[in-house]
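*Asks:* Below, each chain spelled out in residue letters.
2 protein chains.
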Amino acid sequence: MAKAPVLTPQADDFPRWYQDVINKAELADNGPVRGTMVIRPYGYGLWERMQREVDLRIKAAGAENAYFPMFIPQSYLTREAEHVEGFAPELAVVTHGGGKELDEPVVVRPTSETIINEYFSKWVQSYRDLPLLINQWANVVRWEMRPRVFLRTSEFLWQEGHTAHATYEDARDYAALIHREVYRDFIVNVLGIDVAVGRKTARERFAGAINTLTLEGMMRDGKALQMGTSHELGQNFAKAFDTTYLSKDGEQRLVWQTSWGVSTRMVGGLIMSHGDDNGLRVPPRLAHVQAVVLAIKGDDAVLATVREVGDRLAAAGVRVQVDDRTDAPFGRRAVDWELKGVPVRIEIGPRDLENGTAMLARRIPGGKEPVRLDALAELLPKVLEDDQAQLLRESRERREANTSDVRTEQEAAEVALAGGWARMPWSELGPEGEARLAEQALTVRCLHLEDGSVPDGDDVPGTLALVARSY
Amino acid sequence: MAKAPVLTPQADDFPRWYQDVINKAELADNGPVRGTMVIRPYGYGLWERMQREVDLRIKAAGAENAYFPMFIPQSYLTREAEHVEGFAPELAVVTHGGGKELDEPVVVRPTSETIINEYFSKWVQSYRDLPLLINQWANVVRWEMRPRVFLRTSEFLWQEGHTAHATYEDARDYAALIHREVYRDFIVNVLGIDVAVGRKTARERFAGAINTLTLEGMMRDGKALQMGTSHELGQNFAKAFDTTYLSKDGEQRLVWQTSWGVSTRMVGGLIMSHGDDNGLRVPPRLAHVQAVVLAIKGDDAVLATVREVGDRLAAAGVRVQVDDRTDAPFGRRAVDWELKGVPVRIEIGPRDLENGTAMLARRIPGGKEPVRLDALAELLPKVLEDDQAQLLRESRERREANTSDVRTEQEAAEVALAGGWARMPWSELGPEGEARLAEQALTVRCLHLEDGSVPDGDDVPGTLALVARSY
Numbered sequence: 004m005a006k007a008p009v010l011t012p013q014a015d016d017f018p019r020w021y022q023d024v025i026n027k028a029e030l031a032d033n034g035p036v037r038g039t040m041v042i043r044p045y046g047y048g049l050w051e052r053m054q055r056e057v058d059l060r061i062k063a064a065g066a067e068n069a070y071f072p073m074f075i076p077q078s079y080l081t082r083e084a085e086h087v088e089g090f091a092p093e094l095a096v097v098t099h100g101g102g103k104e105l106d107e108p109v110v111v112r113p114t115s116e117t118i119i120n121e122y123f124s125k126w127v128q129s130y131r132d133l134p135l136l137i138n139q140w141a142n143v144v145r146w147e148m149r150p151r152v153f154l155r156t157s158e159f160l161w162q163e164g165h166t167a168h169a170t171y172e173d174a175r176d177y178a179a180l181i182h183r184e185v186y187r188d189f190i191v192n193v194l195g196i197d198v199a200v201g202r203k204t205a206r207e208r209f210a211g212a213i214n215t216l217t218l219e220g221m222m223r224d225g226k227a228l229q230m231g232t233s234h235e236l237g238q239n240f241a242k243a244f245d246t247t248y249l250s251k252d253g254e255q256r257l258v259w260q261t262s263w264g265v266s267t268r269m270v271g272g273l274i275m276s277h278g279d280d281n282g283l284r285v286p287p288r289l290a291h292v293q294a295v296v297l298a299i300k301g302d303d304a305v306l307a308t309v310r311e312v313g314d315r316l317a318a319a320g321v322r323v324q325v326d327d328r329t330d331a332p333f334g335r336r337a338v339d340w341e342l343k344g345v346p347v348r349i350e351i352g353p354r355d356l357e358n359g360t361a362m363l364a365r366r367i368p369g370g371k372e373p374v375r376l377d378a379l380a381e382l383l384p385k386v387l388e389d390d391q392a393q394l395l396r397e398s399r400e401r402r403e404a405n406t407s408d409v410r411t412e413q414e415a416a417e418v419a420l421a422g423g424w425a426r427m428p429w430s431e432l433g434p435e436g437e438a439r440l441a442e443q444a445l446t447v448r449c450l451h452l453e454d455g456s457v458p459d460g461d462d463v464p465g466t467l468a469l470v471a472r473s474y
Numbered sequence: 004m005a006k007a008p009v010l011t012p013q014a015d016d017f018p019r020w021y022q023d024v025i026n027k028a029e030l031a032d033n034g035p036v037r038g039t040m041v042i043r044p045y046g047y048g049l050w051e052r053m054q055r056e057v058d059l060r061i062k063a064a065g066a067e068n069a070y071f072p073m074f075i076p077q078s079y080l081t082r083e084a085e086h087v088e089g090f091a092p093e094l095a096v097v098t099h100g101g102g103k104e105l106d107e108p109v110v111v112r113p114t115s116e117t118i119i120n121e122y123f124s125k126w127v128q129s130y131r132d133l134p135l136l137i138n139q140w141a142n143v144v145r146w147e148m149r150p151r152v153f154l155r156t157s158e159f160l161w162q163e164g165h166t167a168h169a170t171y172e173d174a175r176d177y178a179a180l181i182h183r184e185v186y187r188d189f190i191v192n193v194l195g196i197d198v199a200v201g202r203k204t205a206r207e208r209f210a211g212a213i214n215t216l217t218l219e220g221m222m223r224d225g226k227a228l229q230m231g232t233s234h235e236l237g238q239n240f241a242k243a244f245d246t247t248y249l250s251k252d253g254e255q256r257l258v259w260q261t262s263w264g265v266s267t268r269m270v271g272g273l274i275m276s277h278g279d280d281n282g283l284r285v286p287p288r289l290a291h292v293q294a295v296v297l298a299i300k301g302d303d304a305v306l307a308t309v310r311e312v313g314d315r316l317a318a319a320g321v322r323v324q325v326d327d328r329t330d331a332p333f334g335r336r337a338v339d340w341e342l343k344g345v346p347v348r349i350e351i352g353p354r355d356l357e358n359g360t361a362m363l364a365r366r367i368p369g370g371k372e373p374v375r376l377d378a379l380a381e382l383l384p385k386v387l388e389d390d391q392a393q394l395l396r397e398s399r400e401r402r403e404a405n406t407s408d409v410r411t412e413q414e415a416a417e418v419a420l421a422g423g424w425a426r427m428p429w430s431e432l433g434p435e436g437e438a439r440l441a442e443q444a445l446t447v448r449c450l451h452l453e454d455g456s457v458p459d460g461d462d463v464p465g466t467l468a469l470v471a472r473s474y
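Read top to bottom, the protein sequences are chains A and B. Residue 4 is where the first sequence starts when you use my numbering, and the numbers rise one by one after that. Residue 4 is where the second sequence starts when you use my numbering, and the numbers rise one by one after that.
With the rest of the complex left out, here is chain A (with noise of 0.2 Å):
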């Protein structure tokens, strides 16, 4: 089948490309109010399976789901000075409810560590009540000055996690958990995106915020993508909450506390990660389509085949659809399910029948081959979980050779600007060369260890510092 040129390909324009996915595998539109967004189902898909994943780890880890309300009186915001002074300008502020002007205004959640708090205080009590382990899935609003779909967005949804420990040592080793077991393994082991780890230096931590873990994700132009953040606070909230407990030995504490968050903007990462100029390709364990059964033409023979393919693959636990909508031409239907980036398919026409074959076309690694009807059911997961491996082999691989040592400032800006990731000691470039480096729009994205591991502090000796052009 020739391939029609429905995307600009990557090479020519990597921001149209993907706002060209956007559209044609129809995962998203542009909202009427400036920066917002409308996630149609087959987008919409993809972030319920990334909820589900996530959640799962969440309550793992020990965490319990609830709802805070998304108007917080305005006054909350100012009690924590960093905080209010990071998110002052993002704000959406409701001054009109039922018909009359409000006594004092309400902003739209931008995140929820004041209201939170303000709960928390109350909740907590006693050391038994430590730790308090919640997390809410909702949307959240920052008025965005340059959006673009999933990754900036003045709406988008989130999960936000908010916890509140006895001491400093449980706060710090529970933010390091989800960090590890909650994010890193979700978007490795089911997003298939290989990711630097790793804590923000001061200036891009997070506005309240005593330490700040991250994960960062390189796309397929290089750039960075921050996938997902989990904070220590300190007692910098509870302070300004006074949320404190009564300790074992009769004392009045102040809490340690932590928060954590991944969003839709993951959407964003997950395309610009493994799409190609064919379209997106869907990691098989998120897909929520992990193959499709098309029917070539509609005669009852094929109709009937497909079918029963269909449900032999369902029963082999294989999320399936069936595509018999013969009324639309083959080719543009296939060339659909490849934009839309489903791991893969089985075509089967009357010819396949007779052979007692289907085509199996794999999105990831490409290709078409004919194997027998009777077989497809136990390769399957064979092969869906060979491609699984295979986009995160890509993945990492693309970060280890556009990765590059350097030892200065100006090296390290030469890699960033030509689209690779610069990583130099710490010690050399410094809060002042960070400075310096932000002037061209380069951040530093986390800073590490020789190994990969995360240091314990900002100026361990050995840190790296990792150095792009980010979303």
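Be aware that a few hints might be false.
Just so you know, same-sequence chains aren't split out, so a pair can sit in one copy or run between any two.
Okay, derived cross-link-like pairs now, DSSO-like style, lysine-lysine, Cα gap no bigger than 27 Å in a straight line [claimed, not checked]: (1) K125 <-> K371; (2) K27 <-> K371; (3) K242 <-> K125; (4) K27 <-> K125; (5) K251 <-> K27; (6) K226 <-> K62; (7) K242 <-> K103; (8) K27 <-> K103; (9) K300 <-> K27; (10) K251 <-> K300; (11) K371 <-> K385; (12) K371 <-> K300; (13) K125 <-> K62; (14) K62 <-> K103; (15) K125 <-> K251.
If you are wondering where the hints come from, they were derived from the structure by calculation, not from laboratory data.
Place chain B on chain A using the hints.
*Replies:* Showing chain B alone in chain A's frame:
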């Protein structure tokens, strides 16, 4: 164990009992902005299971999830005249974003018919695009003058389905399908609440609908609660947003639409349908904790047994939690679980171990009996199903016992003011009688036929009106 008088008895003050249960079972708190609520983990666990069960049924009905922005340009609302009239008094309005006054104020969605139609009009081109079946899980805002947690809150969580069809009949049938196979099936078979089903009178219809199907539950104080609604929108929004399609015979036609929703209000309905003076009673099929295994004392043998029983029940498919917090008094823990309405408590202490038994306390019928430890895993699924059935039976018997057939408006008012439901011929009452009842805060909850089925129109002979006080 002596019962602590933790709750106001229902017979003394039902609204206060309701508020007591919400506080003591840690279901929710009031939010800082008037009319908003914080849903605490145990309350959210109920909602999460409701979401899961409803979502399964929505998907089985062929609809797909998507997400539309919560910010709607004010001008959209005004396009459908009845719709804006219905919702204008309840709107929250954002006037400032990103530090500036907005050119056009935006409203926070009170429901999404308008913004969704804006996109349906782009997505629907031909009859091949129909039916278009979309659902979204979201928060909505309707400014409330008399808020009550779960029942009427300024922000609440819900799902809203929105569909477009080629013909009137298709839309009518789909609204009925959702009403019957999603909502009724869920409410009756999972929530264990018996409901009256029927159509709303013109006065009580959704703003912009040509027909509203409803499900009305009878609470334990005799008042009615609308548990969910499914609307035929006719072509009202299609006209306002020019949502048309090219028919098979080449003509441009307006689509026919439906919308339908259930919300966190169902949590309130659950509390008021099944709760008693000792707290909540959660139907086993809904419960995220179906059974709790309690260690009475912290000795090693007891703790080991409690955990082993927990594992065995989990393996038998029971959603089980182990309570081994023996640093807190057993009596208080037992009362807490009773308050939270966990269907089954399995209490194990040293003396039980000697006998090879546990005490099985069933929240729904009440009472305790010793059961052999090795019989628990086989027994429990049956106990849970029996108790599920009992809740529905109680609910049905209550509705039957408290519904009276009457002939006149005056009799209907007497019955309803005394806390029952009155059923009378709609032809005798009519819109004028309905308007007079409204002056006494009595409403026609729905119209149905003698056999409980839904009439096709407002004036079908034999139609009965159900008159009651309501939440």
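*Asks:* Does each hint fit the structure? Answer for all of them.
*Replies:* Tested hints:
no., hint, in the structure
1, K125 <-> K371, "neither (61 Å within a copy, 35 Å between copies)"
2, K27 <-> K371, "within (23 Å within a copy, 62 Å between copies)"
3, K242 <-> K125, "within (14 Å within a copy, 51 Å between copies)"
4, K27 <-> K125, "between (49 Å within a copy, 14 Å between copies)"
5, K251 <-> K27, "between (60 Å within a copy, 25 Å between copies)"
6, K226 <-> K62, "neither (32 Å within a copy, 38 Å between copies)"
7, K242 <-> K103, "neither (34 Å within a copy, 31 Å between copies)"
8, K27 <-> K103, "neither (43 Å within a copy, 34 Å between copies)"
9, K300 <-> K27, "within (24 Å within a copy, 63 Å between copies)"
10, K251 <-> K300, "between (74 Å within a copy, 21 Å between copies)"
11, K371 <-> K385, "within (16 Å within a copy, 52 Å between copies)"
12, K371 <-> K300, "within (18 Å within a copy, 65 Å between copies)"
13, K125 <-> K62, "within (23 Å within a copy, 40 Å between copies)"
14, K62 <-> K103, "neither (42 Å within a copy, 40 Å between copies)"
15, K125 <-> K251, "within (19 Å within a copy, 62 Å between copies)"
Checked against the numbered hints given earlier, this structure breaks hints 1, 6, 7, 8 and 14; the rest are met.
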